[in-house]
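Chain A is already provided as a structure; the job is to place chain B on it using the hints.
Chains A and B supply the protein sequences, listed in that same order. For this note's numbering, count along the first sequence from 1 and bump the result up by 12. For this note's numbering, count along the second sequence from 1 and bump the result up by 257.
None of these hints come from the bench; they were simulated from the model. Where hints are given, some of them may not hold.
[To be verified] Below, a list of computed lysine to aspartate or glutamate pairs in the EDC-like style, where the Cα atoms sit at most 16 Å apart:
#1 A:K239 x A:D77
#2 A:K239 x A:D71
#3 B:K333 x A:D36
#4 A:K253 x A:E214
#5 A:K120 x A:E308
#6 A:K121 x A:E308
#7 A:K33 x B:E332
#8 A:K270 x A:D161
#9 A:K264 x A:D275
#10 A:K220 x A:E245
#11 B:K372 x A:D161
#12 A:K183 x A:E217
#13 B:K372 x A:D71
#14 B:K330 x A:D36
#15 B:K292 x A:E78
#16 A:K123 x B:E265
#17 A:K264 x A:D161
#18 A:K318 x B:E332
#19 B:K292 x A:D77
#20 A:K121 x A:E314
#21 A:K120 x B:E265
#22 A:K318 x A:D36
#23 A:K237 x B:E294
#24 A:K270 x A:D71
#25 A:K237 x A:D77
#26 B:K292 x A:D235
#27 A:K220 x A:E178
#28 A:K220 x A:D169
#29 A:K220 x A:E246
#30 B:K372 x A:E246
#31 A:K253 x A:D161
#32 A:K239 x A:D169
[Said to hold, decoys possible] Covered stretches of chain B, going by a simulated chain A footprint (3 or more residues, C-beta under 8 Å):
#33 275 to 285
#34 305 to 312
#35 323 to 337
#36 343 to 352
#37 360 to 373
[Said to hold, decoys possible] Chain B is nowhere near these chain A residues, computed Cβ spacing over 12 Å in every case:
#38 K121
#39 G122
#40 I137
Note that CB positions come from ideal geometry on N, CA and C, so glycine has one too.
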Amino acid sequence: MEATIATENTGKEAWTGGGKKPLDASYGKMMMWFFIVSDALTFSAFLGAYGLMRFKFIDSWPIADEVFTHIPFVHGHFPMYYVAFMTFILIFSSVTMVLAVDAGHQMKKGKVTIYMLLTIIGGLIFLGSQAWEWKNFIGGTYGSLVMQDGKIAQFVDASGHQIALEEFVHKSTSDQRVAHTKSNGLWFVKDVGAMAPFTVHEVIEGFKANPDISLRTEQINLDTKHKTVLSREEANQFLTKAAGVVKGANLKVNEYGKTLFADFFFFITGFHGFHVFSGILINIIIFFNVIVGTYEKRGHYEMVEKVGLYWHFVDLVWVFVFTFFYLV
Amino acid sequence: MTQEHAHESHTGLIWKVFGILSLITIVEVFLGIVKPESLHLSNFLGTSYLNWIFLILTLAKAYGIAWYFMHLKQEKAGLRRAIVWTVVFLVCYLATLLLIEGNFVGDVLSDRYTKWFY
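Bound-form chain A, shown alone (with noise of 0.2 Å):
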């Protein structure tokens, strides 16, 4: 094999490779970037699924101002306020990971452990917000009727806007449904998913009791990019095709239309906030290591510009995130 290297790479050195440095970019700097490289392309191939699947169904996509409208403590009907407040705490998160760096080239070991917390601490907050988000998302809003073929249709007043199933719908005295347990013996169901909270049959009595209200579908209207609301004839045919009630989504329905925007939301989402959990606990390691003065004693802070390269990829995905699931 020694015939094959050009020049031998043995000891201590091995690893630093002989402290070359190829493009002025330090061993350890160029990995990262490899590894950044690679999983930009990783996440370009998660979105590019997700358009694929858009443009497919370009005339039925779920519209995220209509999915993701809550803010904390407040009812309402506010899209996007949230989801921008997440981008700006990961946004600024990201300043103070690089004034950290910034502090470290200067190698002020103070500054550098105040900007290394408020960085985990933005961390903390934005994962937080992520978890809410899904919370709302999995509980759901309004609920919706799942027709036979799987398509979603939702409840709409008079004016066009979107009501919950619990402002016309009356629990019926003879509803007998149970909640499945695993402890009914039911251990090798492997889904027992939660009960909706009516059924099919209660939704119905109470859409014929209240004739203001009517059905919309999961079709777009080109024109006006609005969703078509049916008339109380179309609607009262397509009563007679409904399979369920769905409140809320998982990978499996969605009562806000194509279950395919759940499973992405959950996908990439998940595997983003996955990489903001692996930040933060890098992050928490690399904090522990300037206070006890790792990186002093090394005489140079590249440690901190390296972990700070790959919480700014963490960013610069969410900035794309953003686009594709919240604006476009």
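Frame of chain A; chain B shown alone:
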């Protein structure tokens, strides 16, 4: 990064970039909530003007993060090109093929196989 750069502080520049990134985000969110009809209901090269604006603003943000936060600006041009050109080329390639294909499948489905009324 060269030795002369290593010790000078860039704090002012960092806050400036932060300001610009925040401003772009605010503009994006504003447009996303208001959705002006003239931009939203138009069509240019396969999607609305509004979506093109979002895409360009996103790329501007990505540039700000990569160049100033990830210090690509200060790296050797060779390293910068190896990173940026690789990703940009492959992403354009992937996106073009996937979106064209998705559009085609969508056309086939909606013409023949999707019914919206019962």
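| task | Take a quick look at whether K330 (chain B) and D36 (chain A) sit within 16 Å of each other, Cα to Cα. | result | Roughly 13 Å separates the two Cα atoms, so the pair holds.
| said: So is the stretch 343 to 352 of chain B in contact with chain A by the C-beta rule, three or more residues under 8 Å, or is the coverage claim wrong? | reply: n = 6 at 8 Å, threshold three: holds.
| query | Given the hinted pair K372 (chain B) and E246 (chain A), is their alpha-carbon gap at most 16 Å? | reply | holds (13 Å)
| Going straight from one Cα to the other, do K239 (chain A) and D77 (chain A) come out at no more than 16 Å? | Roughly 12 Å between the alpha carbons, so the hint for K239 (chain A) and D77 (chain A) holds.
| Is it true that the CA of K120 (chain A) sits at most 16 Å from the CA of E265 (chain B)? | holds (12 Å)
| said: Please verify whether K237 (chain A) and E294 (chain B) have alpha carbons no more than 16 Å apart. | reply: Holds, at roughly 10 Å.
| Pairwise hint evaluation, E265 (chain B) against K123 (chain A), where the allowed Cα distance is 16 Å at most | Since the Cα atoms of K123 (chain A) and E265 (chain B) sit roughly 15 Å apart, the hinted pair holds (cutoff 16 Å).
| Given the proposed pairing of K239 (chain A) with D71 (chain A), does the C-alpha separation stay at or below 16 Å? | Holds, at roughly 9 Å.
| message | Check whether the Cα positions of K292 (chain B) and D77 (chain A) lie no farther apart than 16 Å. | response | Status holds; Cα separation ~10 Å.
| task | Take a quick look at whether K220 (chain A) and E246 (chain A) sit within 16 Å of each other, Cα to Cα. | result | holds (13 Å)
| Status of the stated non-contact between G122 (chain A) and chain B (beta carbon gap over 12 Å) | holds (15 Å)
| message | Hinted pair, alpha-carbon criterion (16 Å max): K253 (chain A), D161 (chain A). Please report holds or violated. | response | holds (9 Å)
Every hint, counting from the list given before, is met by this structure.
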